[in-house]
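Please build the complete structure, drawing on both the sequences and the hints.
Chains as they are written, first to last, in numbering that gives the first Met the number 0: chain A, 0 to 192; chain B, 0 to 124.
Hints are computed from structural coordinates only; laboratory data are not their basis. Take the hints with a grain of salt, since some may be wrong.
Think about it this way: if two alpha-carbon atoms lie no more than 20 angstroms apart in a straight line, the pair counts; the simulated DMTMM-like pairs of lysine to aspartate or glutamate are [unchecked claim]:
hint: 1; chain 1: B; residue 1: Lys-67; chain 2: A; residue 2: Glu-104
hint: 2; chain 1: A; residue 1: Lys-32; chain 2: A; residue 2: Glu-9
hint: 3; chain 1: A; residue 1: Lys-58; chain 2: A; residue 2: Glu-104
hint: 4; chain 1: A; residue 1: Lys-58; chain 2: A; residue 2: Glu-44
hint: 5; chain 1: B; residue 1: Lys-88; chain 2: B; residue 2: Glu-13
hint: 6; chain 1: B; residue 1: Lys-33; chain 2: B; residue 2: Asp-12
hint: 7; chain 1: A; residue 1: Lys-97; chain 2: B; residue 2: Asp-96
hint: 8; chain 1: B; residue 1: Lys-88; chain 2: B; residue 2: Asp-12
hint: 9; chain 1: B; residue 1: Lys-88; chain 2: A; residue 2: Glu-116
hint: 10; chain 1: B; residue 1: Lys-67; chain 2: B; residue 2: Glu-13
hint: 11; chain 1: A; residue 1: Lys-97; chain 2: A; residue 2: Glu-116
hint: 12; chain 1: B; residue 1: Lys-88; chain 2: A; residue 2: Glu-104
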Amino acid sequence: MGNGIPIINEPVEGRIVTVIADDLEIRGAIRFKTSVMLKGIFEGEIFSEGLLVVGPTAKVTATINTETLISHGVIMGDVIAERQVVLRNTSTHTGDIKTPFIMIESGAVFNGTCVMERGDSNFTAGTAIVEQPELPEEFPPFEERQEPLPEVRPEQKKRQPREKVRPEEHASAPETAAINEAKEEEPKPGELL
Amino acid sequence: MIPEKKASSSEYDEKDITTVIADDLEIRGTIKFKTSVMLKGIFDGEIFSEGLLVIGPTAKVTATISTKTLISHGEVSGNVTATEQVTLKNTSLHNGDISTPNIIIENGAVFNGSCSMRAKDTTVK
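Below is the structure:
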């Protein structure tokens, strides 16, 4: 299935940057870039450039803008996800979804409208998908977030002259580059220690 | 590459399907059946089923579908009411509304339309 479908790679809870426990109730707006797991009650708006995980105990009433949404809980509200929406078997979703890739597991409840645009007008069902390897560039698999470990080393060596960041690579895979950058910065405190 | 989830209710064996309509057959009109049908060709019209409808990867179906179970690998335009389950496989493209108590959409499937499910948790706050 190498046809550009983002691979769902749900991080374990310990790898999620912020975990909001189930006794916390939030009203308002949250904004984040990496990953957040909600386990409590949330009402308001969510703006994310990363991963939002709605835990099985969560009740979220919100307008959600995110890159990836993985839901195990109860969501009411409209969702726009730039990369992917995953509704796990315990999830209940009431509201509209707009995303290029969706996966709904058996057992999940979804009431609403789903709109999928992949910016690829010649996309058709069946065999045509398999013949289109172009998609991966547009939607790099989510897995790349965790993959870079072997990649980081050559990247670091090449990156020492920081100004020459190979513009072509940035153009072709800006997201990957950004992720690698983030990954690179993480190990640094460890080195200092 | 992607580990495929094998949900038993969404799997079938083509040999077990009573009628297989091959991909060179084009049908316009209404079909009614009680056991299982696999469509691989072009269908335009209405489908009333009390059993399993499988839409093959080569099929193009423009229809109002009323069935117990729908498994789609192909292209469907039209509204679907399934009393048991709808499964949109990774190669499927669905334009139209779906009404069913249980739905599975595989990673890669395209679904444009509304989904309404009433079976479970209707009392969710």
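A quick look at each hint next to the structure:
no. : hint                    : result
1   : B:Lys-67 with A:Glu-104 : holds, 19 angstroms
2   : A:Lys-32 with A:Glu-9   : holds, 16 angstroms
3   : A:Lys-58 with A:Glu-104 : holds, 19 angstroms
4   : A:Lys-58 with A:Glu-44  : holds, 13 angstroms
5   : B:Lys-88 with B:Glu-13  : holds, 15 angstroms
6   : B:Lys-33 with B:Asp-12  : holds, 17 angstroms
7   : A:Lys-97 with B:Asp-96  : holds, 15 angstroms
8   : B:Lys-88 with B:Asp-12  : holds, 15 angstroms
9   : B:Lys-88 with A:Glu-116 : holds, 18 angstroms
10  : B:Lys-67 with B:Glu-13  : holds, 18 angstroms
11  : A:Lys-97 with A:Glu-116 : holds, 8 angstroms
12  : B:Lys-88 with A:Glu-104 : holds, 11 angstroms
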